[in-house]
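Asker: The chain contents come next:
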Amino acid sequence: MKKIQSIIIVCLLFQIGLLAQQTPAIVQSDAVLIIGATAHLGNGKVIPNSAIGFENGKLILVADANTVRIDPSKYPTQIDGKGKHVYPGFIAPNTTLGLIEIEAVRATNDMREVGSFNPNLRAIIAYNTDSDITPTVRSNGVLMAQVVPQGGRVSGQSTVVQLDAWNWEDAAYSMDEGIHLNWPRSFNWWNNEANKDYADDVSEIKTNFKSAQAYAKNKKVTKTNLKMDAMKGLFDKSKTLYVHTGNVKSITEAILFFKDFGLNLVIVGGSDAWMITDLLKDNKVSVILGDTHSLPSRSDSDIDEPFKTAQRLTEAGVLYAFGMNGAWQQRNLAFQAGQAVGYGLDYEAAITALTLNTAKILGIDKTVGSLEEGKDATLFISEGDALDMRTCKLTQAFIGGREIDLDNKQKALYRKFKKKYDGK
Amino acid sequence: MRKIHLLLFVILFITQSSFAQITFPRNGVYDDRDGLYAFTNATIHKSFNETVENATLLIRDGKIESVGTSVNLPAEAIVIDLKGKHIYPSLIDIYSDYGLPERKRGERNRERGIQQMVTNKDGAYIWNQALRPEFRAHEVFNPNKKDAKEMLKMGFGAVLAHQKDGISRGTSTFVTLGDEPAHQVILKDKVSHHLSFSKGTSTQSYPGSLMGGIALLRQTYIDGEWYKKYGHKEEFNISLASWNEVQSLPQIFEVRDRLDILRVAKVGKEFGLKFIYKSTGDEYRRLDEIKGTGADLIVELNFPEAMDVEDPFDALRASLTELKHWELAPTNAARIEKAGIRFALTTNGLKKKSAFMGNLRKAIKNGLSEEAALKALTHTPAKITGVYDQVGSLEKGKLANFIVTSGKIFDKKTKIHQNWVRGKAHMFKELDKDELTGTYNLKSGKTNYKLNVKESDGKSSMVIFVNDSTEYKVKHTYNDGIISLSFPPSKEDKKVISLSGTSDGKNWSGRGTNPDGSWVDWSATYMGPVPEKKKEDKDDDKKDTADKTGDGKKTEKDKSSKNKKEDKIELGKVVYPFMAYGWSEKPKPETYLFKNATVWTNEKDGILEGADVLVQNGKIKSVGKNLPAAGATEIDATGKHITSGIIDEHSHIAISRGVNECTQSSTAEVRIGDVVNSEDINIYRQLSGGVTISQLLHGSCNPIGGQSALIKLRWGYAPEQMKFENTDGFIKFALGENVKKSRNSRNNRFPDSRMGVEQVYVDAFTRAREYETKKKLGGASFRKDLDMEALVEILNSQRFITCHSYVQSEINMLMHVADAFGFKVNTFTHILEGYKVADKMKQHGAGGSTFSDWWAYKYEVIDAIPYNAAIMTEQGVITALNSDDAEMARRLNQEAAKAVLYGDVNEEEAWKMVTLNPAKLLHIDDRVGSLKAGKDADLVLWSHHPLSVYAKAEITLIDGVKFFDRKTDLQLRQEVALERARLVQKMIAHKKGGGKTGPMRGGKKHHYHCDSDEDEMVD
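Quick mapping for you: the protein sequence lines, in order, are chains A and B.
The first sequence lines up with residues 126 to 549 when you count with my numbering.
The second sequence lines up with residues 90 to 1108 when you count with my numbering.
None of these hints come from the bench; they were simulated from the model.
Cβ coordinates follow ideal geometry from the N, Cα and C atoms, glycine included.
Treat the hints with care, as some may be off.
Keeping only pairs whose Cα atoms sit at most 16 Å apart, straight-line, the calculated EDC-like set for lysine to aspartate or glutamate is [to be verified]:
hint, chain 1, residue 1, chain 2, residue 2
1, A, 536, B, 952
2, B, 947, A, 228
3, A, 518, B, 993
4, B, 929, A, 430
5, A, 374, B, 400
6, B, 812, B, 1054
7, A, 536, B, 993
8, A, 544, B, 876
9, A, 543, B, 963
10, B, 564, B, 593
11, B, 684, B, 659
12, B, 947, A, 226
13, A, 544, B, 963
14, B, 1041, A, 226
15, B, 1056, A, 427
16, A, 545, B, 484
17, B, 675, B, 403
18, A, 543, B, 725
19, B, 863, B, 876
20, A, 543, B, 882
21, A, 543, B, 1054
22, B, 279, B, 334
23, B, 947, A, 430
24, B, 1041, A, 228
25, A, 541, B, 582
26, A, 374, B, 1108
27, B, 865, B, 882
28, A, 374, B, 403
29, B, 1021, B, 993
Facing chain A, according to a computed beta carbon distance under 8 Å, are these residues of chain B, among others [as the list claims (entries may be wrong)]:
hint, residue
30, 674
31, 932
32, 964
33, 1039
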């Protein structure tokens, strides 16, 4: 009887799996204790034999298991973490996750709008919590993401989401937190010729930001301008300006250009950022890196240039986070950090650039980004080193204390076809 | 002497009529003359290597009657004394479109996906619009006065003109320069057949890639033969008849770069053809191989502009290739001479033709001998085009085509006085013009002025010299001894003194009026030459338009080297390939002993701990413990791993100008092997990721794509030397969205659905079978078809398929088609739904080469799973992981690790997915893919466990040659940085010295993917 039951359960699970919809987890009911794991706190510290406890979605214990006294009765759920690793949930900044399902199918694409100056657009509105892609990304430890609109000069506003939700409202973690500007290119990458429209494009940006600044100062707006309204938050720093650009001159020009506006400025992409670390630091500009699993930016560049960028920024003391473009690709985010470790980056610094640094840049570090008491219990357990594809194997993951389903459509298809062959 | 000069003008004017078309009716009284001239006392350069001093040239009626020191002067000859002057055969440019109408390209259907399948030219012409062998330049040639004058001024007397339009451009015509009617300037029709890799005005889609262009050439050579033997009975084809007609002429091929020369030469070898190449001045980068073709060259003197690299960030945009080319381009001609290659020079490629002489002088300064330069402008072009009996030297019976110069032709100060073409003079610098220059004491009434007369650019300038900082202009005219001047009494004055008088050859005198109208007597006494000043140097440099930009300014270094000839020009090395990380000395195989490593044998022995690997003569000599060193270079590999080299089954690196020939549903005739690009930095980058072999595939644009090339990443070697020798041929097939052109809203090319895809195959193989039957029957009527030939090879299991595929239905389909026609699909590549049909693949015998974790980028990959490789492996399908991406290719070890992450494949098996398994799929596992005595020494030393994200390839060997070493790489970076810095400094100095700079050049980025489909055959 028990056997039959379990078969039925397996079948049911299988069925659910095939539907490719992982049900969002319910609110944490019991306190959880993970004991004995190597905890990478995200703030640069590591506890080899740790005790991590959380209750009601918040971390209540982050300590060395060798020295801390624990009352086991306080934790109805206890997880043996021996030989395993615990990490804060990785945060994927600058992604189109949930905005697009299939790149080549236009109907599934909600990341771009008509027009080039769209600060009023809100990515969160199009964010699809039921995307089949999201669970595959979670399976490798990415538990939060910044969903970013694409295209045009000003593409719109991003929102930070947690990746286990029924709808965009409960997904949103930090709503409309920033505006994204694509800095014009000063030369064409394909033929290296100067972009003739560059000066005009820059001057247009200036006009728009001056107008928005004036609008923000206006206490008695009689004619509401949605675009200007959307930009208001930039000037009181309730919103961050994300400037997407990689070339060293463009980064320099963007920083100088926005210097007087007094904004929270973040460079996104930043492949050349390592060349101008002083400028970045002096102006308190942080960087969200683009794909570092990429070819060097120039034919003469060091062959491993992108792999070294993170280490160079760390060394210089620039606040930066790992990032990469796209949606489904985000499941490889941590491996970029792993690559950087192979090229000299300190391991815990790499974790920081996937967690706490990202949280700082996105303005959510008070509640997430590291394993610290009082912060969200957004974390995962891996059997091995999560930065190395050879050893990364998640066993459990929690978002705000809720244990999420690590299954996904691809795993379900795997099981389905294993079954086909096993049955033969 | 002055009298003669005057006379000449008159005569010249009149002699014109003596050249009127004989067959034409005339209006007026006949005035035909002998055109008999004797040029005496000249230094005559009879040919590029024969000079006679104090000699006479006698010409009659446009031809040379005699030349030498013992010429009898007929009494009736008009004698021109050329004491101190030189006579040269006039120059010849055989790469020109002079006198030919420009053709404008018709409207092409700009909408993506809409294809023009055949020519839209009316008439019985060939199917491909870019082939115009029937074009005859002489039939539409018309002299162009303006262009002629430009060339005449530089000393050219004749050019070979053809219309630069199309892949076959028809024939050229050899013409002399001048503004007479075409009847009188065409020296020879149908001189040479011209070809190129540009479709020109053709609006047809095919060929859309370089390899398509090469395939088209091959097929046309075959079709030409067929037409001659039999085809003309089946169809009337003007183009093919013309094609055959032009084959006996010299074949001049315009190519875009040095590698094209090697490509065309390869095709030439197949058909027993020899070409003359016109490249773009970069021959020096592959000179040995070009020399090996035995071809003649037509060489451009198109030197790149310097770039503005003062801003260090801007300087980053200039690639080392372009920086070095700026420095070395002027040495190209000298290197070609030194290599002993026969070559002609051309003005082609220069934005301003007037820059030619300046650039030539630059080439001479960079080592080109003056004799070779003259030969390349007279003898060789005449020889190549078969008109040496008429031009190219000064000999009896040849055309009276010569130039009169003030000195040796390539000297900077030398002026061309006259350019005689067929006995007609074109006057540029008066022979006695120099007499005016000098310093004069001008006395007007009671006032004395110091007058300086200088000459530059053929114009004399005259100033009143007050003191070193003050002088002012004198307006003047001078004509055959009559001189007039007007100038204000002082610089500030607005009113002028006007003088008129005569010159006795040295001193001048006459009368004139003062500003107040009063008459005055005046005289000017010659005091001597104008003293040299610094400023003059500058003027001088200005004249020397040293390149197409008029870059005449010299750096300080240049100036000093001008003064002291012994100063050597400092030049960088030519490296192979010509870019960052290229080597200057060819790396050679060595004997290596790797000690104490973890060795992944991929053999029965599995993974050996603490083992050695001995490499000798390019092969693995032995694998085992405690191997004797025996003179080998020992490498301590303690704590490190050694594996066989990674083999990328699906790559699009190292391909020139187009990875897809998109234009037909079957393009089995195109070959990636024709367009291997040895000069792609990604070759080096992949070596740094442990890759040793890449299969270069055609894209996935059409169901039957092109033939693949298998290369070893022998960085720096020429394309042919990179190819993996004696391997089976492969071909790319493709299914699904790409071949349906699903991304185009409009598509008119069959197929547009998976239903159509099947029919393409069934149709193609049905025709191929019939073709084979016909071929076996043979006979004159049989027409060889390269598309069919490749398909027949597939049917006979002599060529093997790598098929781009995604969904199970289409995978099944192709296996059914193959079964029906009795062959096997060798490899399904991408094969993201392979896990759904792994059992069937196993049964059929197909392998799979897949991505580790790609998905969600298009509809057909919606069911892709990263467990694909695991399932296929489990089902016994030979499974490889590939890149299809220049970046990921250098991390294929990590992709293999993902088979462990997704699906728990055992590590040794996972590793085989990027080594032994692709070797099996490519039928090369008997030579590479594992570490076993006797196999090729293609191996990698890893810093860590090779499946780890932390692993770095430290050394990559191919055939025992160290093509990558991370330590050497660090050195190379230093060298790249130093060489860049040196060149940047040189460019900055050039700019500071007043030199011009142009736009940044860093080379285009060409990272091809499966579905790249730009038209690469248009300019």
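Asker: Below or equal to 16 Å on CA atoms is what counts here, so check residue 536 of chain A against residue 952 of chain B.
Answerer: Roughly 11 Å separates the two Cα atoms, so the pair holds.
Asker: Please work out if residue 544 of chain A and residue 963 of chain B have their alpha carbons no farther apart than 16 Å.
Answerer: holds, 13 Å
Asker: For a C-alpha distance cap of 16 Å, please report whether residue 1041 of chain B and residue 226 of chain A respect it.
Answerer: violated, 34 Å
Asker: Should the interface hint for residue 932 of chain B be scored as holding, given a Cβ-Cβ cut-off of 8 Å against chain A?
Answerer: Violated. Min distance 12 Å.
Asker: Decide if the proposed pair is consistent with the structure: residue 947 of chain B and residue 228 of chain A, CA atoms, cutoff 16 Å inclusive.
Answerer: holds, 6 Å
Asker: Hey, residue 1021 of chain B versus residue 993 of chain B, does the alpha-carbon distance stay inside 16 Å?
Answerer: Roughly 27 Å between the alpha carbons, so the hint for residue 1021 of chain B and residue 993 of chain B is violated.
Asker: Just to be careful, I want the Cα atoms of residue 865 of chain B and residue 882 of chain B compared with a cutoff of 16 Å; is the pair within it?
Answerer: holds, 14 Å
Asker: Quick one, are residue 564 of chain B and residue 593 of chain B close enough, alpha carbons at most 16 Å?
Answerer: violated, 20 Å
Asker: Would you mind confirming whether the straight-line C-alpha gap from residue 812 of chain B to residue 1054 of chain B stays at or under 16 Å?
Answerer: violated, 22 Å
Asker: Does residue 1108 of chain B lie within 16 Å of residue 374 of chain A when you go C-alpha to C-alpha?
Answerer: violated, 31 Å
Asker: Checking one constraint from the list: CA of residue 1056 of chain B to CA of residue 427 of chain A, max 16 Å. Satisfied?
Answerer: With a Cα-Cα distance of about 13 Å, the restraint between residue 1056 of chain B and residue 427 of chain A holds, given a limit of 16 Å.
Asker: Measure nothing beyond the straight line between the CA atoms of residue 541 of chain A and residue 582 of chain B; if it is 16 Å or shorter, mark the hint as holding.
Answerer: Violated, at about 103 Å.
The structure does not agree with the numbered hints 4, 6, 8, 10, 11, 14, 16, 17, 18, 20, 21, 23, 24, 25, 26, 29, 30, 31 stated previously, though it agrees with the rest.
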